[in-house]
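Asks: Model the full assembly from the supplied sequences, consistent with the hints where possible.
In terms of my numbering, the sequence shown opens at residue 323 and continues consecutively.
It is possible that part of the hints are untrue.
[Claimed, not checked] Once the Cα atoms are required to be at most 20 Å apart in a straight line, the calculated SDA-like pairs of lysine to any residue come out as:
#1 336 with 346
#2 382 with 429
#3 382 with 422
#4 337 with 435
#5 336 with 392
#6 382 with 423
#7 336 with 386
#8 426 with 358
#9 337 with 391
#10 336 with 433
#11 382 with 372
#12 382 with 419
#13 382 with 361
#14 337 with 388
#15 382 with 350
#16 423 with 412
#17 382 with 348
#18 426 with 380
#19 426 with 379
[Unchecked claim] Simulated DEER-style distance windows between Cβ atoms:
#20 393 with 326: 26 to 32 Å
#21 370 with 431: 18 to 24 Å
#22 412 with 358: 28 to 34 Å
#23 335 with 372: 20 to 26 Å
#24 350 with 407: 27 to 33 Å
#25 345 with 431: 16 to 22 Å
#26 356 with 336: 31 to 37 Å
#27 390 with 412: 18 to 24 Å
Hints in this document: simulated from the structure, not taken from any laboratory. Keep in mind that this is a model prediction, so the values were computed, not measured. Don't be surprised by glycine CBs; every beta carbon is placed ideally from N, CA and C.
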Amino acid sequence: EMLRFCIINCENSKKWSPISFGDMFRQSLQQTSREESWDVVNIAEGEILPSAEYMLETYKGIVITGSHFNVRDGLAFISGSKVPLLPWFNSLCELIQQIFKEGKPNLYGGCFG
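Replies: This is the structure in structure tokens:
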């Protein structure tokens with residue numbers, strides 16, 4: 323059975339060009355000694371994160387890359403209202419909460435900020 327993994331790329335800085343931050347993680351982690359598949363979801367570039375249900379059923383492990391964004395960048399308080407500054411932040415938090423609740427799949431999260 324092929325092992326499936328997902329890298330959620332939360333970095334959109336061009337300083338890593340010509341390779342993306344997500345691809346750097348994939349190249350570092352991928353093992354050629356076993357059958358495995360690595361998907362990269364570039365949420366900081368506007369790609370939509372699949373549903374938590376799909377992610378939990380599909381992947382053996384999930385890697386959340388680090389980011390130059392700070393976790394406080396997720397929401398800002400403007401005139402007393404919460405305004406999302408990072409449109410992908412809430413779905414990422416919901417996925418992390420669901421993984422914690424279910425106890426799977428394996429999760430690694432890099433540093434923000």
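Asks: It remains to establish, for every hint, whether it holds in the given structure.
Replies: To see whether the hints hold, each was checked on the structure:
{"no.": "1", "hint": "336 with 346", "verdict": "13 Å, holds"}
{"no.": "2", "hint": "382 with 429", "verdict": "9 Å, holds"}
{"no.": "3", "hint": "382 with 422", "verdict": "14 Å, holds"}
{"no.": "4", "hint": "337 with 435", "verdict": "16 Å, holds"}
{"no.": "5", "hint": "336 with 392", "verdict": "17 Å, holds"}
{"no.": "6", "hint": "382 with 423", "verdict": "16 Å, holds"}
{"no.": "7", "hint": "336 with 386", "verdict": "18 Å, holds"}
{"no.": "8", "hint": "426 with 358", "verdict": "18 Å, holds"}
{"no.": "9", "hint": "337 with 391", "verdict": "14 Å, holds"}
{"no.": "10", "hint": "336 with 433", "verdict": "18 Å, holds"}
{"no.": "11", "hint": "382 with 372", "verdict": "15 Å, holds"}
{"no.": "12", "hint": "382 with 419", "verdict": "17 Å, holds"}
{"no.": "13", "hint": "382 with 361", "verdict": "12 Å, holds"}
{"no.": "14", "hint": "337 with 388", "verdict": "14 Å, holds"}
{"no.": "15", "hint": "382 with 350", "verdict": "17 Å, holds"}
{"no.": "16", "hint": "423 with 412", "verdict": "16 Å, holds"}
{"no.": "17", "hint": "382 with 348", "verdict": "15 Å, holds"}
{"no.": "18", "hint": "426 with 380", "verdict": "11 Å, holds"}
{"no.": "19", "hint": "426 with 379", "verdict": "9 Å, holds"}
{"no.": "20", "hint": "393 with 326: 26 to 32 Å", "verdict": "27 Å, holds"}
{"no.": "21", "hint": "370 with 431: 18 to 24 Å", "verdict": "20 Å, holds"}
{"no.": "22", "hint": "412 with 358: 28 to 34 Å", "verdict": "30 Å, holds"}
{"no.": "23", "hint": "335 with 372: 20 to 26 Å", "verdict": "24 Å, holds"}
{"no.": "24", "hint": "350 with 407: 27 to 33 Å", "verdict": "29 Å, holds"}
{"no.": "25", "hint": "345 with 431: 16 to 22 Å", "verdict": "18 Å, holds"}
{"no.": "26", "hint": "356 with 336: 31 to 37 Å", "verdict": "33 Å, holds"}
{"no.": "27", "hint": "390 with 412: 18 to 24 Å", "verdict": "19 Å, holds"}
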